[in-house]
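For the sequence shown, the working numbering begins at 669 and goes up steadily by one.
Note that these hints are calculated values from the structure, not bench results. Among the clues, some could well be false.
Unchecked claim - Calculated cross-link-like contacts (lysine-lysine; reagent style BS3-like; alpha-carbon spacing at most 27 Å):
1. K723 - K736
2. K717 - K755
3. K974 - K984
4. K773 - K717
5. K732 - K773
6. K755 - K723
7. K984 - K1034
8. K1040 - K1026
9. K934 - K732
10. K984 - K934
11. K981 - K937
12. K992 - K981
13. K732 - K937
14. K992 - K934
15. K771 - K755
16. K851 - K890
17. K736 - K755
18. K991 - K937
19. K981 - K991
20. K736 - K717
21. K723 - K771
22. K717 - K732
23. K981 - K1034
24. K773 - K755
25. K974 - K991
26. K934 - K736
27. K723 - K773
28. K847 - K934
29. K1026 - K981
30. K890 - K847
Predicted model, so just to flag it, every value in this text is computed and none were measured.
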Amino acid sequence: MNVGCACDIYGGRALAREAGGSDLTEGRGSVTERKLIIFTSIYRRDFYKILGVSKSASVRDIKKAYRKLALQLHPDRNPDDPTAADKFADLGSAYEVLSDDEKRKQYDAYGEDGLKEGHHGSHNDIFSSFFGDFGFMFGGNRQGQQDRNIPRGNDIVLDLEVTLEEVYSGNFVEVVRNKPVAKEAPGKRKCNCRQEMRTTQLGPGRFQMSQEVVCDECPNIKLVNEERTLEVEIEQGVRDEMEYPFIGEGEPHIDGEPGDLRFRIKVMKHPVFERRGDDLYTNVTISLVEALVGFEMDIIHLDGHKVHIVRDKITKPGARVWKKGEGLPNFDNNNIRGSLIVSFDVEFPETQLNDNQKEGVRGILKQASVQKVYNGLQGY
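Produce the complete structure using the sequences and hints provided.
Right, dumping it as structure tokens:
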């Protein structure tokens, strides 16, 4: 007799219905002398949909999507949403799998069932690798600590060199940091959490008053270096000297909270392009023949695409061509882009002309002599 079985995979209960019948029998353990057809409905998560990316998304796209959604879905930002913790956990699981090449291959081939058990890391660790200590991120906690005069460790500012290619396309940079972390140690320690005034008699009519640390209840603490990998997003159009903060990732304080770590952007010089705001400038050297008769050429842009330039008229030294929309993306609105400005230099030939050739050039150009002496700097 065939029996259909609908299983509650969380409660460990099995409800069996005989084929062709309507009675449900509840059982625990094995069912004997019956062949069971098991119908299981398992909730399968689509990690690509959770992150809102396509199946062809690059690792950079995945990191960018996680960083954006993590701020929106963090439970501390959604205290009235009972599902916030689950959404945040799903987001962390999706990022953990899709940002790892091997796990992603397994997931693409076999789904979540194909992943090895125990693959899930801490979702808060993932979050802190992008933003710093999540405990200070929301609810004004950091400002509140300052108002209560809780001591803080020093902030750290590190210069982060980025290429112009990264400014154009965006990128994520992994920074490995050895961070000193306060750990409990055996014994007690002196601290600044409680002080009292002590009076000492120095002689007849002479006293000395001083503050003294008297707390003997604080546990001893030692600093231990821990390796942390931080993900710094280089956003499209990022400007020189901009800073990316990582809350609580600065120097520790034995009696308070750690300071912050800030990465200060330093855009490196580029051999081909120069940045001025959102515009890009470059120089092209052409031959005298090209300057006179025209030319076509391609400029390889920062992301590898080609910018085609056509000149069918005389190009004078110092002439400029403006290619709108071929500059850098604006930091505040990536849909707006600057221009690419191309300036031309003309290289003259080393070949010396004979008299007949000189006359031929004069006959072709029909240009009278222009010998004007003037102050090209206009007095400055």
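Hint by hint, here is what the structure shows:
A hinted pair counts as satisfied when its Cα atoms are at most 27 Å apart, and K723 with K736 qualifies at roughly 18 Å. Among the hinted pairs, K717 with K755 is consistent with the structure: their alpha-carbon atoms are about 12 Å apart, no more than 27 Å. As the CA atoms of K974 and K984 are separated by approximately 24 Å, the hinted pair is consistent with the 27 Å bound. The suggested pairing of K773 with K717 holds, with an alpha-carbon distance near 17 Å, which does not exceed 27 Å.
The suggested pairing of K732 with K773 holds, with an alpha-carbon distance near 20 Å, which does not exceed 27 Å. About 20 Å separates the Cα atoms of K755 and K723, which keeps this hinted pair within 27 Å; it holds. Distance hint between K984 and K1034 is fulfilled; the C-alpha atoms sit about 17 Å from each other, no more than 27 Å. A threshold of 27 Å between alpha carbons decides the hint, and for K1040 with K1026 the separation of about 22 Å falls inside it, so the pair holds.
Pair hint K934 plus K732 holds up; C-alpha atoms about 21 Å apart against a cutoff of 27 Å. Taking the CA atoms of K984 and K934, the gap is about 36 Å. The hint is violated against a cut of 27 Å. For the hint pairing K981 with K937, the CA-to-CA distance comes to about 33 Å; that exceeds 27 Å, so the pair is violated. Taking the CA atoms of K992 and K981, the gap is near 20 Å; set against the 27 Å cutoff, the hint holds.
For a cut-off of 27 Å, the pair hint linking K732 to K937 stands: about 26 Å separates their Cα positions. Restraint check for K992 and K934: satisfied, since their Cα atoms lie roughly 26 Å apart, inside the 27 Å limit. Distance check on the hinted pair: K771 and K755 sit about 20 Å apart at the alpha-carbon level, within 27 Å; holds. For the hint linking K851 to K890, the alpha-carbon distance of about 5 Å falls within 27 Å, and the restraint holds.
At roughly 14 Å between alpha-carbon atoms, K736 and K755 fall within 27 Å of each other, so this suggested pair holds. Simply put, K991 and K937 have alpha-carbon atoms about 21 Å apart, close enough for the 27 Å limit, and the pair holds. Straight-line distance between C-alpha atoms of K981 and K991 comes to about 17 Å, which keeps the hinted pair within the 27 Å bound. For the hint linking K736 to K717, the alpha-carbon distance of about 14 Å falls within 27 Å, and the restraint holds.
At roughly 14 Å between alpha-carbon atoms, K723 and K771 fall within 27 Å of each other, so this suggested pair holds. Note on K717 and K732: the hinted pairing holds, with a Cα-Cα distance of about 14 Å set against a maximum of 27 Å. Taking the CA atoms of K981 and K1034, the gap is near 16 Å; set against the 27 Å cutoff, the hint holds. Of the pairs offered as hints, the one joining K773 and K755 holds, with about 23 Å between alpha carbons and a cut-off of 27 Å not exceeded.
Restraint check for K974 and K991: the C-alpha separation of about 12 Å stays at or below 27 Å, so the hint holds. Taken as a hint, the K934 and K736 pair is honoured in the structure, with Cα atoms around 24 Å apart against an allowance of 27 Å. For the hint linking K723 to K773, the alpha-carbon distance of about 11 Å falls within 27 Å, and the restraint holds. With a C-alpha separation of about 23 Å, the suggested pairing of K847 with K934 holds against the 27 Å cut-off.
Restraint check for K1026 and K981: the C-alpha separation of about 22 Å stays at or below 27 Å, so the hint holds. The hinted pair formed by K890 and K847 meets the criterion: a straight-line CA distance of about 13 Å does not exceed 27 Å.
Of the numbered hints stated above, those contradicted by the structure are hints 10 and 11, listed in ascending order.
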